[in-house]
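Taken in sequence, the protein lines are chains A and V.
For the first sequence, counting from 1, position 117 maps to 117 in the UniProt record's numbering; every step adds exactly one.
For the second sequence, counting from 1, position 132 maps to 132 in the UniProt record's numbering; every step adds exactly one.
Worth flagging that the hints you see were computed from the coordinates, not collected in a lab.
All residues carry an ideal CB built from backbone N, CA and C; glycine is no exception.
Treat the hints loosely; a few may be bogus.
To list a few chain A residues with every Cβ distance to chain V over 12 Å, as calculated [to be verified]: (1) Leu-9; (2) Gly-38; (3) Asp-70; (4) Ile-72; (5) Leu-103; (6) Ala-121; (7) Asn-125; (8) Glu-131; (9) Leu-138; (10) Leu-149; (11) Pro-167; (12) Met-179; (13) Met-183; (14) Ser-188; (15) Leu-204; (16) Glu-214.
PhoX-like, lysine-lysine: derived pairs with alpha carbons at most 20 Å apart [said to hold, decoys possible]: (17) A:Lys-92 - A:Lys-3; (18) A:Lys-192 - V:Lys-239; (19) V:Lys-3 - A:Lys-3; (20) A:Lys-93 - A:Lys-35; (21) V:Lys-222 - V:Lys-176; (22) A:Lys-201 - A:Lys-228; (23) V:Lys-216 - V:Lys-176; (24) V:Lys-93 - V:Lys-35; (25) A:Lys-82 - A:Lys-154; (26) V:Lys-239 - A:Lys-154; (27) A:Lys-92 - A:Lys-37; (28) V:Lys-154 - A:Lys-239; (29) A:Lys-35 - A:Lys-64; (30) V:Lys-94 - V:Lys-35; (31) A:Lys-239 - V:Lys-192.
Each pair of labels, with its calculated beta carbon distance range [claimed, not checked]: (32) A:Lys-228 - V:Ser-57: 47 to 55 Å; (33) A:Arg-61 - V:Phe-225: 55 to 63 Å; (34) V:Asp-153 - A:Arg-233: 21 to 29 Å; (35) V:Ser-28 - A:Glu-235: 32 to 40 Å; (36) V:Asp-70 - A:His-157: 24 to 32 Å; (37) A:Arg-61 - V:Asp-153: 23 to 31 Å; (38) A:Ser-223 - V:Lys-82: 48 to 56 Å; (39) V:Ser-28 - A:Pro-180: 46 to 54 Å; (40) V:His-157 - A:His-157: 15 to 23 Å.
2 protein chains.
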Amino acid sequence: MQKDESAELNLIPQLTLDCAIFGFHDNSLKILLLKWKGTEYWSLPGGVIHQVESLDSAASRVLKERTGLDEIFLRQFHTFGKVARYDGNEIKKKLGHLIDPSLWYERAISVGYYALVDFEAVFPNPDTLSEECRWWDLAEVPELLFDHLDILDKALHALRLELSFQPIGLNLLPEKFTMPEMMRLYESILGKKIDPRNFQKKILKSGIAIRLDEVKKGVAHKSPFLYKFDPERYEEVLKEGGLFFI
Amino acid sequence: MQKDESAELNLIPQLTLDCAIFGFHDNSLKILLLKWKGTEYWSLPGGVIHQVESLDSAASRVLKERTGLDEIFLRQFHTFGKVARYDGNEIKKKLGHLIDPSLWYERAISVGYYALVDFEAVFPNPDTLSEECRWWDLAEVPELLFDHLDILDKALHALRLELSFQPIGLNLLPEKFTMPEMMRLYESILGKKIDPRNFQKKILKSGIAIRLDEVKKGVAHKSPFLYKFDPERYEEVLKEGGLFFI
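Construct the complete structure from the given sequences, taking the supplied hints into account.
Now the structure itself:
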């Protein structure tokens with residue numbers, strides 16, 4: 001975050017936000033990353049906070065800029081406030097051709113948000129300092145700049161906790177999905193195998209998903225039934241909490 | 001937060017922290033509040049963040065100043081970033097004799113922490129702007145300044161979530177306690193009745209509490225057994241997670 005920019009643009013000084021944007025595709029959890037111009041370095045998308053916007057609005061704005069999406073499922077999960085979140089020397093070495101480290105604040109505190117988005121609906125869009133914005137498989141995430149690996153870890157941890165208190169999937173699965181697809185979403189977030197029979201029993205008992213009179217075609221073996229979410233019941237369970245999977 | 005103070009004292013501008021400090025006494029959950037000098041207005045304890053200290057260190061410092069305690073169970077739970085968290089006119093009217101609202105930033109973002117402390121060990125200590133620091137029963141909390149009622153609500157919500165993932169009590173109960181005492185701690189945090197037999201079964205199954213060969217004397221009816229925490233097992237369960245009470 002640059003000092004002059006902060007005063008000129010009427011930003012809150014020394015405060016930024018970073019976003020872990022998760023999507024689900026090909027049975028695995030993906031994260032949206034930016035590649036900084038003229039480098040091989042990647043980071044999470046982030047942004048500044050204007051004096052006239054709330055933290056939540058700033059996060060929605062950044063999400064919209066990077067994905068094209070409005071009305072995203074977005075949660076603040078932690079504020080990162082260590083003294084040395086980034087190292088002036090490291091910035092100079094890696095990003096010196098892009099930014100002048102002497103114009104950066106020695107310290108910035110960053111509010112972390114995570115988002116769950118519909119992979120198919122996203123048009124990844126780099127920001128002014130980056131040349132590429134694309135999905136990475138969580139298992140293949142490259143080295144990240146600053147403390148962004150720590151931010152990603154904590155986002156994933158928060159998402160896992162959230163999973164045990166509320167239904168997840170409405171923003172991540174296609175409109176019609178099979179039970180194995182939904183289970184693999186849960187498995188990819190939790191990073192562990194789930195017992196399929198218990199999973200199906202819990203989901204059906206909760207009433208959040210309704211079985212359709214349709215099967216998924218073109219898959220090997222037996223064609224699995226398709227399900228869709230019951231939006232009203234989903235909303236109710238979201239309010240009540242209490243789907244314990246971990 | 002005052003503008004001149006921020007520059008002179010080398011503080012992070014427009015960023016503060018607020019602490020919901022919980023204690024347990026007489027079977028009810030208490031919260032530590034400050035009464036502002038020459039007013040009838042109360043707020044949560046809070047503080048500034050120095051350029052050279054992390055957010056967590058700043059929170060520990062404030063906790064130490066208000067309670068006299070080190071090594072407190074302390075959790076960051078949410079950052080409050082609405083544009084109008086406080087109203088200049090309200091400050092002028094209510095606190096104009098204490099602070100000059102024109103020297104305050106129009107906006108500050110506050111990082112919320114909650115703490116669980118040993119009620120008996122705390123020596124409540126007002127800050128420079130307050131004349132009293134004392135415990136309030138949660139059911140009797142007065143009107144609070146700024147958005148502090150919202151902060152308290154969210155702290156309590158976070159504490160309730162935490163309760164279902166990890167054991168709580170080591171910082172809140174006396175060294176030796178009865179099962180009904182521990183249950184009332186849980187009930188007072190959750191704000192609802194718990195089935196005593198299920199509660200005792202879950203606690204004993206988890207192994208976090210050990211029954212002593214002692215009973216509590218001076219209580220009506222049958223003298224209940226005393227328990228103490230098994231610190232090693234407590235620590236293990238803390239790491240594993242998974243005591244579901246809500």
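- Query: Should the hint that Ser-28 of chain V and Glu-235 of chain A are 32 to 40 Å apart at their CB atoms be regarded as holding?
  - Reply: Holds, at about 34 Å.
- Would you say Glu-214 of chain A is clear of chain V, with no C-beta pair closer than or equal to 12 Å? holds, 36 Å
- Message: Given the hinted pair Lys-92 of chain A and Lys-37 of chain A, is their Cα-Cα distance within 20 Å?
- Response: holds, 14 Å
- 20 Å limit on alpha-carbon distance, applied to hinted pair Lys-82 of chain A and Lys-154 of chain A: Measuring from Cα to Cα gives roughly 14 Å; hence the hint holds.
- Query: Would Ala-121 of chain A pass as off the interface with chain V, using Cβ distances and a cut of 12 Å?
  - Reply: Since the minimum Cβ distance to chain V is about 27 Å, Ala-121 of chain A lies beyond 12 Å and the statement holds.
- Message: For Leu-149 of chain A, is the shortest CB-to-CB distance to chain V above 12 Å, so the non-interface label stands?
- Response: holds, 18 Å
- Task: Would you assess whether Glu-131 of chain A, listed as outside the interface, keeps its beta-carbon beyond 12 Å of every beta-carbon in chain V?
- Result: Fine: 30 Å to the nearest Cβ keeps Glu-131 of chain A off the interface.
- Query: Has the given pair, Lys-239 of chain V with Lys-154 of chain A, been kept, meaning a C-alpha gap of at most 20 Å?
  - Reply: holds, 15 Å
- So the hint says 23 to 31 Å: do the beta-carbon atoms of Arg-61 of chain A and Asp-153 of chain V match that? holds, 27 Å
- Is Pro-167 of chain A truly not at the interface, in the sense that its beta carbon sits beyond 12 Å from all beta carbons of chain V? Pro-167 of chain A is indeed farther than 12 Å from all Cβ atoms of chain V, at 16 Å.
- Query: Within a Cα-Cα threshold of 20 Å, do Lys-192 of chain A and Lys-239 of chain V meet the stated pairing?
  - Reply: Satisfied, since the Cα-Cα distance of roughly 17 Å is no more than 20 Å.
- Can we trust that Asn-125 of chain A is non-interface, i.e. its beta-carbon lies farther than 12 Å from all of chain V? holds, 24 Å
Comparing the model with each numbered hint stated earlier shows that all of them hold.
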